[in-house]
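There are 2 protein chains.
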Amino acid sequence: METISPGRLKTTYLFNQSFASLLKLLPEGKVVIVTDDHVYKAQQEKFSNIPVITVPSGEATKQQKTVDDIIAALLKLQADKSTVIVAVGGGVVTDMAGYAASIYKRGVRLALAPTSILAMVDAAVGGKNGVDVGLYKNMVGTVYQPEYILFDYHFLSTLPQEEWVNGFAEIIKHACIKDAALFEELSNTSLSFYQHDPARLASLVERNVRIKKVIVEEDEFETGDRKLLNFGHTVGHAIENVHHLPHGHAISVGMVIAATLSEELAGLPMGDTRRLITLLNAYGLTTAVKFNLDTIWEILLMDKKRANDSMNFILLRAIGDGIIMPIPLTQLKALITAYLERS
Amino acid sequence: METISPGRLKTTYLFNQSFASLLKLLPEGKVVIVTDDHVYKAQQEKFSNIPVITVPSGEATKQQKTVDDIIAALLKLQADKSTVIVAVGGGVVTDMAGYAASIYKRGVRLALAPTSILAMVDAAVGGKNGVDVGLYKNMVGTVYQPEYILFDYHFLSTLPQEEWVNGFAEIIKHACIKDAALFEELSNTSLSFYQHDPARLASLVERNVRIKKVIVEEDEFETGDRKLLNFGHTVGHAIENVHHLPHGHAISVGMVIAATLSEELAGLPMGDTRRLITLLNAYGLTTAVKFNLDTIWEILLMDKKRANDSMNFILLRAIGDGIIMPIPLTQLKALITAYLERS
Numbered sequence: 000m001e002t003i004s005p006g007r008l009k010t011t012y013l014f015n016q017s018f019a020s021l022l023k024l025l026p027e028g029k030v031v032i033v034t035d036d037h038v039y040k041a042q043q044e045k046f047s048n049i050p051v052i053t054v055p056s057g058e059a060t061k062q063q064k065t066v067d068d069i070i071a072a073l074l075k076l077q078a079d080k081s082t083v084i085v086a087v088g089g090g091v092v093t094d095m096a097g098y099a100a101s102i103y104k105r106g107v108r109l110a111l112a113p114t115s116i117l118a119m120v121d122a123a124v125g126g127k128n129g130v131d132v133g134l135y136k137n138m139v140g141t142v143y144q145p146e147y148i149l150f151d152y153h154f155l156s157t158l159p160q161e162e163w164v165n166g167f168a169e170i171i172k173h174a175c176i177k178d179a180a181l182f183e184e185l186s187n188t189s190l191s192f193y194q195h196d197p198a199r200l201a202s203l204v205e206r207n208v209r210i211k212k213v214i215v216e217e218d219e220f221e222t223g224d225r226k227l228l229n230f231g232h233t234v235g236h237a238i239e240n241v242h243h244l245p246h247g248h249a250i251s252v253g254m255v256i257a258a259t260l261s262e263e264l265a266g267l268p269m270g271d272t273r274r275l276i277t278l279l280n281a282y283g284l285t286t287a288v289k290f291n292l293d294t295i296w297e298i299l300l301m302d303k304k305r306a307n308d309s310m311n312f313i314l315l316r317a318i319g320d321g322i323i324m325p326i327p328l329t330q331l332k333a334l335i336t337a338y339l340e341r342s
Numbered sequence: 000m001e002t003i004s005p006g007r008l009k010t011t012y013l014f015n016q017s018f019a020s021l022l023k024l025l026p027e028g029k030v031v032i033v034t035d036d037h038v039y040k041a042q043q044e045k046f047s048n049i050p051v052i053t054v055p056s057g058e059a060t061k062q063q064k065t066v067d068d069i070i071a072a073l074l075k076l077q078a079d080k081s082t083v084i085v086a087v088g089g090g091v092v093t094d095m096a097g098y099a100a101s102i103y104k105r106g107v108r109l110a111l112a113p114t115s116i117l118a119m120v121d122a123a124v125g126g127k128n129g130v131d132v133g134l135y136k137n138m139v140g141t142v143y144q145p146e147y148i149l150f151d152y153h154f155l156s157t158l159p160q161e162e163w164v165n166g167f168a169e170i171i172k173h174a175c176i177k178d179a180a181l182f183e184e185l186s187n188t189s190l191s192f193y194q195h196d197p198a199r200l201a202s203l204v205e206r207n208v209r210i211k212k213v214i215v216e217e218d219e220f221e222t223g224d225r226k227l228l229n230f231g232h233t234v235g236h237a238i239e240n241v242h243h244l245p246h247g248h249a250i251s252v253g254m255v256i257a258a259t260l261s262e263e264l265a266g267l268p269m270g271d272t273r274r275l276i277t278l279l280n281a282y283g284l285t286t287a288v289k290f291n292l293d294t295i296w297e298i299l300l301m302d303k304k305r306a307n308d309s310m311n312f313i314l315l316r317a318i319g320d321g322i323i324m325p326i327p328l329t330q331l332k333a334l335i336t337a338y339l340e341r342s
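Sequence order for the protein chains is D and A. Mapping of the first sequence onto numbering that gives the first Met the number 0: position 169 corresponds to residue 168, and the numbering continues sequentially without gaps. Mapping of the second sequence onto numbering that gives the first Met the number 0: position 312 corresponds to residue 311, and the numbering continues sequentially without gaps.
I should point out that these hints are in silico values taken from the structure, not numbers from a laboratory. Any given hint could be a false lead.
Copies of the same chain are indistinguishable here, so a pair counts whether it falls within one copy or spans any two.
Pairs of lysine-lysine residues, derived as DSS-like cross-links and limited to a Cα-Cα distance of at most 27 Å, are as follows [unchecked claim]:
#  : residue 1 : residue 2
1  : K289      : K212
2  : K64       : K75
3  : K29       : K80
4  : K29       : K332
5  : K40       : K75
6  : K9        : K23
7  : K332      : K75
8  : K80       : K332
9  : K80       : K64
10 : K9        : K45
11 : K211      : K80
The following block holds chain D by itself, in its conformation from the complex (with noise of 0.2 Å):
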């Protein structure tokens, strides 16, 4: 067990604990659990005699509307400012129940339980939550951080192969980014490797967490460091809802861009972006989509990291080596253009 304090709430970290163990640590009769439907099929028995506020499944769930409804069954449960909502779920259900959490009655006590990859090393960690609005993604939301985050693995059991794999994408984030010896290590293992080494499997789920920690604990509202886990996500999201792909395999076709881009703009050794897509592809992650620039460039426009005529974006100038970048607008269109003639 160990903390951080970003902002006003310290978070601290349960590493390959159990949920009875977290459970141990909030006050009886004060905890509500959110969850999505399939984790609470999966999972039920982890929750007896709590009530349990569940939201259907999937990422096209994830609008104010089910928030709202969220809130509507707190009112009913008579939930108040001492009640403790625990998450369990994947990043859908951690970023609405974490937002749910930080507006209803201007705050409540929050505890995350992610129950995929993907949220474990990456959207339950540093406060950051929301919803989509239409296609636009995560558009609604605030910066609030938990108490608690539970690395309980076993709930890693029913994961799908396919959750596996877009989890995998942003630990390839982490290493491109922050890692170069991550990066050199994923290249001499395989995503089957970790899923039979359970102890491999906590290691680096840790050192995943530890990464976007560090830069969160530095910079909690984005104003420096923190945009650096951004690589990939720019482009990335853009195509996600359009293209209906999942995160994972939408923002390794973004860090494929952006690699090709940090060739050009910020001096990424040629032949980097190559051992990218090797090891993308090794992880069963997709590397190209035919996409209309148009399409995407409408939602592009709307992201949160554009300011005027210019958009900070997450380059490479080494594996292990993010920087930001503001390119202008008209710049950034032209070089996804050529990207896509050549490709």
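Got chain D sorted already, so can you dock chain A onto it with the hints?
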């Protein structure tokens, strides 16, 4: 100009300055005004060449649905992280626009230009924002400090008499919990006195802003003294929506009930409730209303100040000296029942 810095943002108070002088402090082309249709009609010449989002006026619109509409309008305007939302209106507008600013793209810049006495001395100060959920008041929202609060007393020239009365309820509240000398001043003057003496009005507003500002600076997230500001609001909020009473009248009744309980529980000298009733009546405020306790009680149970089986109730030890006292729900119900039987 002076600043306070509760939380991550400093608030600059612009006393007795014009709306145009606020605009001069903000980046050209990045301002979006949020206002209601009444204020828009009266003030639109001040808004030329600035995009305006207009919401319907009135407490009934203070719901998530209206905030969803503000978000959709911001997206349509391609508002980005460098946009400044300027809320121009009464408490309903500043509450909704402040909430929208705090969640749009996880937080954009915010300035408030309150146009009513109530918003100037209360709603706009302290960073609390939010919306009602059905009949439950302020059930959803955040604590988010604006960068600027502008006090332009010219806005008051079109304020209806009813709204003056509403605003003075909060001024009398401040006197009750923190400022016995202000209670004396108010007892020796009248509403029409302040309406006809701009200098005395300006100094009255500033004095009240300072009372709230000091409390908020010391307790942004309401773990202590900030609760005092809820004097009269626990019962007041509950009867406000059920009986469709204006906010000032509802909390006026709430203050009388709280003062009555204070004589019983907190040593408020006998007769001070009578002095309070006289003052409230002199400023045109209702001090008694017939209500059905069972209906009110259902709403009281949802109050944010409830914790488990007791309610943190605000009482007076003396005029100018408020205290927080947890009252068990059973005792509270008995006391209000007795009050209703006597009155």
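*Would you list, in rising numerical order, the hints stated earlier that this structure does not obey?*
Hint 1 alone not satisfied by this model.
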